[in-house]
Each structure stands twice: as C-alpha cells, then as structure tokens.
Amino acid sequence: MASERTPLLSSAGSSTLASPSVDTSKFVTPPLPAVPRSPQAAVHFRSRPLKETMTRTRLVVILAGIWSSNFAFALQSTAIPTLAPTIASSFQHAELAAYLGSVFTLANTAGIPVYGVLIDALGRRFAMLTACAFYGVGSAACAVAPGMWWLVAARGLTGLGGGGLLTVSAVICTDLVALHERGFYQGLMMTVFGVGAALGGPTAGLLADRYGWPLAFWSQLPVVLFCATIVSLFLPEPPIPPTHSSLLHGLLSLDWAGVSLLLASTASLILGLSFHTSYFRPWSDPSVCGLLATSAVSLGLFVWTERRAARPIVPMSLFKTTQLRAIWSSAVLLMVGSQALLFHVPTYFAVLMDMPASEAGWVLSVCSGIGLSTGTLLAGYHIRRGGRYTVLGVVSLFPSMISAWVAAAWRPGWPSWAYYATILPLNTGYAVFLCVSLIALISSVDSHAMPKATALLYTVRSLGATLGVSLGGSIQVGALVRALRHRFSDVPGGEGIIDAVVHSKAAIKQLPKRYARMALDAYAISLRTVWIASGCVAVTAVVCASFIRQNEIHKGDESRDTGGEEAEGEEASA
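Residue numbers (UniProt numbering): 1 to 574.
Please keep in mind that the hints were generated in silico from the structure rather than gathered at the bench. Check before you lean on any hint, since a few could be wrong.
Result set (DMTMM-like, lysine to aspartate or glutamate): computed pairs, CA atoms no more than 20 Å apart in a straight line [unchecked claim]:
#1 Lys513 with Asp490
#2 Lys513 with Asp354
#3 Lys51 with Glu181
#4 Lys509 with Glu495
Distance ranges between label pairs, derived from CB positions [stated by the list, open to error]:
#5 Trp283 with Leu215: 39 to 47 Å
#6 Trp414 with Ala516: 17 to 25 Å
#7 Thr53 with Asp354: 55 to 63 Å
#8 Arg411 with Arg56: 46 to 54 Å
Every residue, glycine too, gets a C-beta built ideally from N, C-alpha and C.
Assemble the whole structure, with the sequences as input and the hints as a guide.
This is the structure we're talking about:
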C-alpha cells in the first residue's frame, strides 16, 4: 500500500508493489518483471486506496486540508497577473512585471522534483509542511517588500512552496482513492482551484485599490496555515519505517547537482532573454549570448548528471516510451502557450482600457474559475464512465489555439461578453487536458513509480509555465520597444518617451493625447504579437497529444494498456 513512508525511489531493478494482505513492514521487494512486448499484456498494478482504511469524515477533512493548498495557489495565479502592472509601476519597473510570474514558476520548476525526493525520503506529511512553510514565509516577505528586487526574490521563495503544494497534494490524493475515481476527485480539486482562481483577481484588485497591494499577500496566510494544521493532525502515519535515519541524511541524499543545473539552465535562459528585451542589449552582448550559452550547457550537464545519479530528481527512464514522451511534451507546450496568453490578459484591460486593478482581473478570474472547475468535472465524469480520454485530450487543446488567435483580434470597442467568450473555452480545455494527462500518466506507471512520475508531470507543467510567462514577457517588451521606436523615432524627446512608457504604464497618461494614442497602439501590437505566438505553440501541443494512447482503467487495482503500438523500452520506473 502506498503510504507516508513508502519508498518511492526504488532502483531500476526493484519494485514496491504491495497487496492489501501483505504486512508491508516485512515486505521484501521482488525483482521488477520484464516488460511485456504485447501492449495488451502490459498491466500496471495499483495499491489499495487509503480511503478504505479510514472513516468518511476523516477522508473529507484530509481532502479539505490538502485542497485548501490548491485554493491558495489558485488565488495567486490570477492575483499576480492582475496586480503585476500596478506593483511594478509603483516601483518604476514596469518592464520587470513579468518577473513576478516567471520567477515564481522558475522556483516551482526547480522545487517540484525535490518534493518528489522529499516524499520518498521523509514522507508525505513532512513534504507538505515544508511546502506550506516556504509558501507562507514567501507570501509574508512579498507583503513587506520595500523594492522590486526584494519582491522578485520573495516571489521565488513563495514559488518553492507553491510547487510542493500542488505536487504533494496530488500524490496524497492518488494514495487515497482508486484509479478509476481519480479523475472525478481531480475534478473536485479543480473546482476548489477554480473558485480560488475566480476570487484571486477581483479580490486582490479590490484589496489593492482600497488598502494597498500588500494585503493581497497577507490574505493567503490563513489558508496555508489551515492546510498545515489539517495535515499535521489528520494525515495518517503509516507503519512503514522511514527510508532515512535522520532529516540530515535525507537532505544529503538529494540530487543537489541536478537541482542546481536545472535551476541554472532555466534562470540563465530567462535572464538572457530579459537583458535583450528589457535592457535593450544586442544578441551579441556577452551578458545575453553568454547567459543563453550557459543555459544550453547547463541543460546538457543536467541530462548527463541525471543519467548517472543514484537518486535522480528526473529519472531518465520516465522518457523511454512514446506514451510518456507524448504526455511530457504536450503538457509543457500547453503551459507555454496558455500562460503566455493568460498572463497578459489583465495588462490588456489595465493599459488599453484603463481599468482599475479591481476590474482588470475580472475576465481572467471568472473564466478561470468557471472553466477550470467545469472542464475537470466533465473530464473526470467522462473518464469515470469509461470514456476514451485520448480523443478528449486532443479535442481539449483546440480552444487554446483558437482563443489565442481570437484574442489577437481584440479591440477596446468590443462588447464585454466577447472577451469572456474568448478566454472561457481556453480555460475549460486547459482543465480537461490537465485531468486527461494525469490519468494517462498514472495508468501508464506502477504504484512505486507514481509519485516521481507525478512530480515530473508537475515539473514539466511548471517549466512550461515559466517559459510561457518569461518568453511571453520577452516577446511583449521586445515588440513594444520596436513599435514605440517606429512611432517615436522622429519625435523630439522620443527616446525619453520610449523609456518612460516601457518602465511605467502610468507614463502614458502624462503624454499629450496624440502621443498617448500612439503609445497605446504600440502596446496593442505588442500584446497581439504574444498571442499570435501563443496560438502557434498550441498547434504543436495538439500534434504531441495525438500520440497519447488509451489505457483501460479497471475498477480493481490495475490498469491495462490497450494501445495498438508495441511497448517501447523498459517499464517506466523511478
């Protein structure tokens, strides 16, 4: 039975499959059986759901606790895009607004694999409490930030916790329920997430307009404290001893080289692009080309290190099958395209339509709330009824492509319902595919590999979000500068106008009416450029998702591959 101390990092030649009748404290891991070459013979055994060992009341309390962490994460997911233009402009660093999102997701990307190892080394409870601590301390640091760079660093600290909140709660939920019910429970979780996303933007904007933006960060602390309390008191302690004798031993066993190289690769990419777009340095500048080269080298070293690490944060065996590669690639591309679009939606309303922060986030928040909850519930119900999720997954990605290109055609004179009609299908399809990819993944690996595979899924999603926000921000700023130079190059004091508009959206209001109109046109072009690129990325996500094959989901403790292609390589395991 998968539980708090179940070893998750078995060697490639071992398995931790347990039967409900086996005393797991005395269980000796058998050798991993060879992978069947016939897809019809490939069976992935599931452990007995933990909910069968506890009362319904305790199950509900635990779910409420772990899902409250998703609520907190969802709050910031729409609050930050809503507040970013206002906060960055207040510090005279509007060009760094995207950093508030990209640094958070960068820290997510680096932290999620670590939580996969923490779960194995020190248990679900310790991993969840660690995530709550990072998220809470980071949110408090954001609230008291005296400057932009402090705030950016605090967002990174919050991101280290945010990745754990989602990853560990997903692993705990998978432990609790049977596989054929997992999609339904994912739908319930995403309903909670959707409510948080719906409230995040408007609530944060209202608090910022009336009391100042720091209160938007303080308001998240009670939710995280509630999660930590529930996990401490109600998450069951398993009878299996820990895999490490002490916290220090567990931490020393982590693949710190892999973590550092992954962080270095992603951070170098973001900084290199930022120096080119935000600080107007040419591609040939050593700070730009040097950082981009560092990113490429770090990525190569990361792959080399993970192939040789005893306990890798990203096991290379999880990339050996077409099924898993299709899941990873479609997930990361969906996040790149959708986040590049969604992060800039509040900017459109705040800058081009001059809405206050409390109103600028309404479209994003309402569509996120309704779309995420509705999409995942529909997907979960469809899968629970035995429907084929492969076709559903491909179809769910088309709205991402269509919505991006429709958004590129937005004009300030459009009726308000048209903006909602553009974003709602994207969020609904996004939620459906999140559910489909999770079920496809869990049904493709055995129980002992599930936590590391789940952590990797959240890692690639977070990496996609990081790239989406950062690349989208780089494209937007770069396009804005080009458009401004095209309009103001012959205007007296044009360079000063360009610099002022790039660093603060409030500067547009100080310009003469004719110049202000020109600056707004440049902003519109920059956003349109991002959204066209977002739609192109969505096309590639559709292509990758078409390679995901169906696994029959049994109501017992196994899933069976019903795909038509021959199994590739060996069984994915951590």
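Hints and how they fare:
For the hint linking Lys513 to Asp490, the alpha-carbon distance of about 17 Å falls within 20 Å, and the restraint holds. For the suggested pair Lys513 and Asp354, the alpha carbons sit about 14 Å apart, so the restraint of at most 20 Å is met. Under the criterion of a C-alpha separation no larger than 20 Å, the hint pairing Lys51 with Glu181 is consistent with the structure, at around 12 Å. With a C-alpha separation of about 17 Å, the suggested pair Lys509 and Glu495 falls inside the 20 Å cut-off, and the hint holds.
Remark: the range hint 39 to 47 Å for Trp283 to Leu215 is upheld by a beta-carbon distance near 42 Å. Hint check: Trp414 to Ala516, Cβ distance near 21 Å, so the stated range 17 to 25 Å holds. In this structure the supplied range 55 to 63 Å holds for Thr53 paired with Asp354, their Cβ-Cβ distance being about 57 Å. A hinted range of 46 to 54 Å holds for the C-beta pair Arg411 and Arg56, which are about 52 Å apart.
Taken one by one, the earlier hints all hold for this structure without exception.
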